[in-house]
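Student: Using the sequences plus the hints, can you model the full thing?
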Amino acid sequence: TLFMSMEFGQWSEWNVWGDLEWHLLQHQPHASLKHFMGKLNEFYRSEPALYSQDFDQAGFEWIDCSDNRHSVVSFIRRDKDSDDFVVVVCNFTPQPHSHYRVGVPEQGYYKELFNSDARDFGGSNMGNLGGKWSEDWAFHNRPYSLDLTLPPLGVIVLKCDRKEDAPLEERSPSTPML
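First residue of the sequence shown: 25, per this note's numbering; consecutive thereafter.
The hints are simulated quantities; they were obtained by calculation from the structure and are not laboratory data. A couple of the hints might just be wrong.
[Claimed, not checked] Dumping the calculated DMTMM-like pairs for lysine to aspartate or glutamate here, alpha-carbon to alpha-carbon at most 20 Å:
| no. | residue 1 | residue 2 |
| --- | --- | --- |
| 1 | 183 | 88 |
| 2 | 183 | 85 |
| 3 | 58 | 43 |
| 4 | 156 | 130 |
| 5 | 58 | 45 |
| 6 | 135 | 171 |
| 7 | 187 | 108 |
| 8 | 135 | 66 |
| 9 | 63 | 130 |
| 10 | 104 | 85 |
| 11 | 135 | 108 |
| 12 | 183 | 103 |
| 13 | 135 | 160 |
| 14 | 156 | 171 |
| 15 | 183 | 105 |
| 16 | 183 | 78 |
| 17 | 183 | 71 |
| 18 | 63 | 31 |
| 19 | 183 | 171 |
| 20 | 58 | 31 |
| 21 | 63 | 43 |
| 22 | 58 | 171 |
| 23 | 104 | 78 |
| 24 | 104 | 43 |
| 25 | 104 | 185 |
| 26 | 135 | 103 |
| 27 | 104 | 80 |
| 28 | 58 | 37 |
Tutor: Pasting the structure below:
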């Protein structure tokens, strides 16, 4: 839940008698946070798997909620009106993780739709170059898995692309993927 000025990282607590500290947007970290929140809201609205089953257990499935050694959680969100789903992986440490394996239910190319660590958001620009092919390696009780790069203190959202073959070129995470 966001409340008055959280979308741009105001330092002081909201005050009913005062104005929001809009001048903070002159500073890059605050402007980047505001941009990030706008893109995150836009992304959320564009991807029904993230919201269409908010109040139905069929819309949420843990992949792994017990990796306390790396402080990583991963889960699937499913769309109510189609067989679309997204894979969400959250790294809660300032340490990036290379070759982090996550089980997935389908074989295919998983596009990295959103990366909170994109340069455009003020991040370190670490990611998966637009996506990853699943591997025929069962993991987390799923028939396939992804070998991912997890950015520090970051969240990535991936979606199995059933329509396309391998991408012709790799994309950099510097541009927010929507």
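Student: So, for every hint listed, does it hold in this structure?
Tutor: To see whether the hints hold, each was checked on the structure:
1. At most 20 Å may separate the alpha-carbon atoms for a hinted pair to count; residue 183 and residue 88 meet this at roughly 17 Å.
2. With a C-alpha separation of about 15 Å, the suggested pairing of residue 183 with residue 85 holds against the 20 Å cut-off.
3. The suggested pairing of residue 58 with residue 43 holds, with an alpha-carbon distance near 17 Å, which does not exceed 20 Å.
4. This hinted pair checks out: residue 156 and residue 130 have alpha carbons roughly 13 Å apart, not beyond 20 Å.
5. Pair hint residue 58 plus residue 45 holds up; C-alpha atoms about 13 Å apart against a cutoff of 20 Å.
6. Distance restraint check for residue 135 and residue 171: the Cα-Cα separation of roughly 13 Å lies within the 20 Å cut-off, and the hinted pair is therefore satisfied.
7. For the hint linking residue 187 to residue 108, the alpha-carbon distance of about 12 Å falls within 20 Å, and the restraint holds.
8. Simply put, residue 135 and residue 66 have alpha-carbon atoms about 17 Å apart, close enough for the 20 Å limit, and the pair holds.
9. Between the alpha carbons of residue 63 and residue 130 the distance comes to roughly 27 Å, so the proposed pair goes past 20 Å and is violated.
10. For the hint linking residue 104 to residue 85, the alpha-carbon distance of about 13 Å falls within 20 Å, and the restraint holds.
11. Annotation: proposed proximity of residue 135 to residue 108 holds, straight-line Cα distance about 13 Å (limit 20 Å).
12. Distance restraint check for residue 183 and residue 103: the Cα-Cα separation of roughly 12 Å lies within the 20 Å cut-off, and the hinted pair is therefore satisfied.
13. Under the criterion of a C-alpha separation no larger than 20 Å, the hint pairing residue 135 with residue 160 is consistent with the structure, at around 17 Å.
14. A distance of roughly 8 Å separates the Cα atoms of residue 156 and residue 171; the hinted pair therefore holds under the 20 Å criterion.
15. For the proposed pair residue 183 and residue 105, the alpha carbon gap of about 16 Å is at most 20 Å, so the pair holds.
16. Between residue 183 and residue 78, the direct Cα distance comes to roughly 18 Å. Compliance with the 20 Å bound is thereby established for this hinted pair.
17. Only pairs whose Cα atoms come within 20 Å are accepted, and residue 183 paired with residue 71 is accepted, the gap being roughly 10 Å.
18. The straight-line distance between the Cα atoms of residue 63 and residue 31 is roughly 11 Å, inside the 20 Å bound, and the hint therefore holds.
19. Distance restraint check for residue 183 and residue 171: the Cα-Cα separation of roughly 14 Å lies within the 20 Å cut-off, and the hinted pair is therefore satisfied.
20. Under the criterion of a C-alpha separation no larger than 20 Å, the hint pairing residue 58 with residue 31 is consistent with the structure, at around 5 Å.
21. Proximity of residue 63 to residue 43 is assessed by CA-CA distance (about 25 Å); at most 20 Å being required, the pair is judged violated.
22. Between the alpha carbons of residue 58 and residue 171 the distance comes to roughly 31 Å, so the proposed pair goes past 20 Å and is violated.
23. Taken as a hint, the residue 104 and residue 78 pair is honoured in the structure, with Cα atoms around 10 Å apart against an allowance of 20 Å.
24. Pair hint residue 104 plus residue 43 does not hold up; C-alpha atoms about 41 Å apart against a cutoff of 20 Å.
25. Among the hinted pairs, residue 104 with residue 185 is consistent with the structure: their alpha-carbon atoms are about 18 Å apart, no more than 20 Å.
26. At roughly 17 Å between alpha-carbon atoms, residue 135 and residue 103 fall within 20 Å of each other, so this suggested pair holds.
27. Proposed proximity of residue 104 and residue 80 is supported: the alpha carbons are some 9 Å apart, at most 20 Å.
28. Restraint check for residue 58 and residue 37: satisfied, since their Cα atoms lie roughly 17 Å apart, inside the 20 Å limit.
Violated hints for the displayed structure, listed by number in ascending order: 9, 21, 22, 24.
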